[in-house]
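*Asks:* Single-letter residue listing:
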Amino acid sequence: DSGVTQTPKHLITATGQRVTLRCSPRSGDLSVYWYQQSLDQGLQFLIHYYNGEERAKGNILERFSAQQFPDLHSELNLSSLELGDSALYFCASSVGTGGEKLFFGSGTQLSVL
Amino acid sequence: AQKITQTQPGMFVQEKEAVTLDCTYDTSDPSYGLFWYKQPSSGEMIFLIYQGSYDQQNATEGRYSLNFQKARKSANLVISASQLGDSAMYFCAMRPHTSGTYKYIFGTGTRLKVLA
Chain L
1 DSGVTQTPKH
11 LITATGQRVT
21 LRCSPRSGDL
31 SVYWYQQSLD
41 QGLQFLIHYY
51 NGEERAKGNI
61 LERFSAQQFP
71 DLHSELNLSS
81 LELGDSALYF
91 CASSVGTGGE
101 KLFFGSGTQL
111 SVL
Chain E
114 AQKITQTQPG
124 MFVQEKEAVT
134 LDCTYDTSDP
144 SYGLFWYKQP
154 SSGEMIFLIY
164 QGSYDQQNAT
174 EGRYSLNFQK
184 ARKSANLVIS
194 ASQLGDSAMY
204 FCAMRPHTSG
214 TYKYIFGTGT
224 RLKVLA
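Going line by line, the protein sequences match chains L and E. So for the first sequence, my numbering puts the first residue at 1; every next one is plus one. So for the second sequence, my numbering puts the first residue at 114; every next one is plus one.
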């Protein structure tokens, strides 16, 4: 168990809908990262938050948004969903500032039908 | 451009033998970290090993070792005495230590199958 909690584990929804993925980092970790893993794209970095502030953005679509709350949990909001958004979405956390390893959650498998 | 390249989409190895998974990277940052993660069929990402760019010695963690060749920009993972449970997807990752950026870049992965 990595200590990173992601909910829900599975999500099935329809095109055009909006969903929210939730992540609770390990106790004491200030950094939260979101990654998207699809079969044809590998692991794509979406966004990084450190202690509530956005620090880096990757290939995140404008339809997607995220935030990190004062209690350090994070939410990834996906709207106007398309079939191509179907993927495994990972949250990872780290202490925050060094080259330390990431601890990954078990992921949320999103299926857009 | 900062990039991780894993050229082996799939590998087979006989149980109890050693196997090397290749990883090359590209960065202009003088300081960076290199990581290997394992993703079994269950889907979770498991940290295996870390190498800092200024580390003089190759990292080792049990049966895992990282063959770090800085001049060649390679960070190959060596798994000794392969076990059936090693069958999984393996990802190489890099974190350049650019000030203010904590972006981890992943390769496309190598699927390892250990044969009994």
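Among the clues, some could well be false.
What the hints assert, rightly or not - Straight-line C-alpha distance at most 25 Å; calculated BS3-like pairs for lysine-lysine: (1) E/Lys183 x L/Lys101; (2) E/Lys116 x L/Lys57; (3) E/Lys216 x L/Lys57.
Stated by the list, open to error - Listed below are several chain L residues computed to face chain E (Cβ distance under 7 Å; list not exhaustive): (4) Arg18; (5) Gly42; (6) Phe69.
Stated by the list, open to error - Chain L stretches covered by chain E per the calculated footprint, using a threshold of three residues with CB under 8 Å from any CB of chain E: (7) 19-30; (8) 81-94.
Read the hints as simulated data drawn from the structure, not as lab findings. Cβ atoms here follow ideal geometry from the backbone N, Cα and C, with glycine treated the same way.
*Asks:* State for each hint whether it applies.
*Replies:* We went through each hint and held it up to the structure:
This hinted pair checks out: E/Lys183 and L/Lys101 have alpha carbons roughly 20 Å apart, not beyond 25 Å. Restraint check for E/Lys116 and L/Lys57: satisfied, since their Cα atoms lie roughly 16 Å apart, inside the 25 Å limit. For the hint pairing E/Lys216 with L/Lys57, the CA-to-CA distance comes to about 8 Å; that is within 25 Å, so the pair holds. Look at L/Arg18: its Cβ only gets to about 24 Å from chain E, farther than 7 Å, so that hint breaks.
Interface hint at L/Gly42: satisfied, since its Cβ lies 4 Å from the closest Cβ of chain E, which is below the 7 Å cut-off. Given the 7 Å rule on beta carbons, the hint for L/Phe69 is violated: about 19 Å separates it from the nearest Cβ of chain E. Counting residues of the stretch 19-30 of chain L whose C-beta lies closer than 8 Å to any C-beta of chain E gives 0; at least three are required, and the coverage claim is violated. A count of 4 residues in the stretch 81-94 of chain L with a Cβ less than 8 Å from any Cβ of chain E is obtained; the coverage claim is therefore met, three being the minimum.
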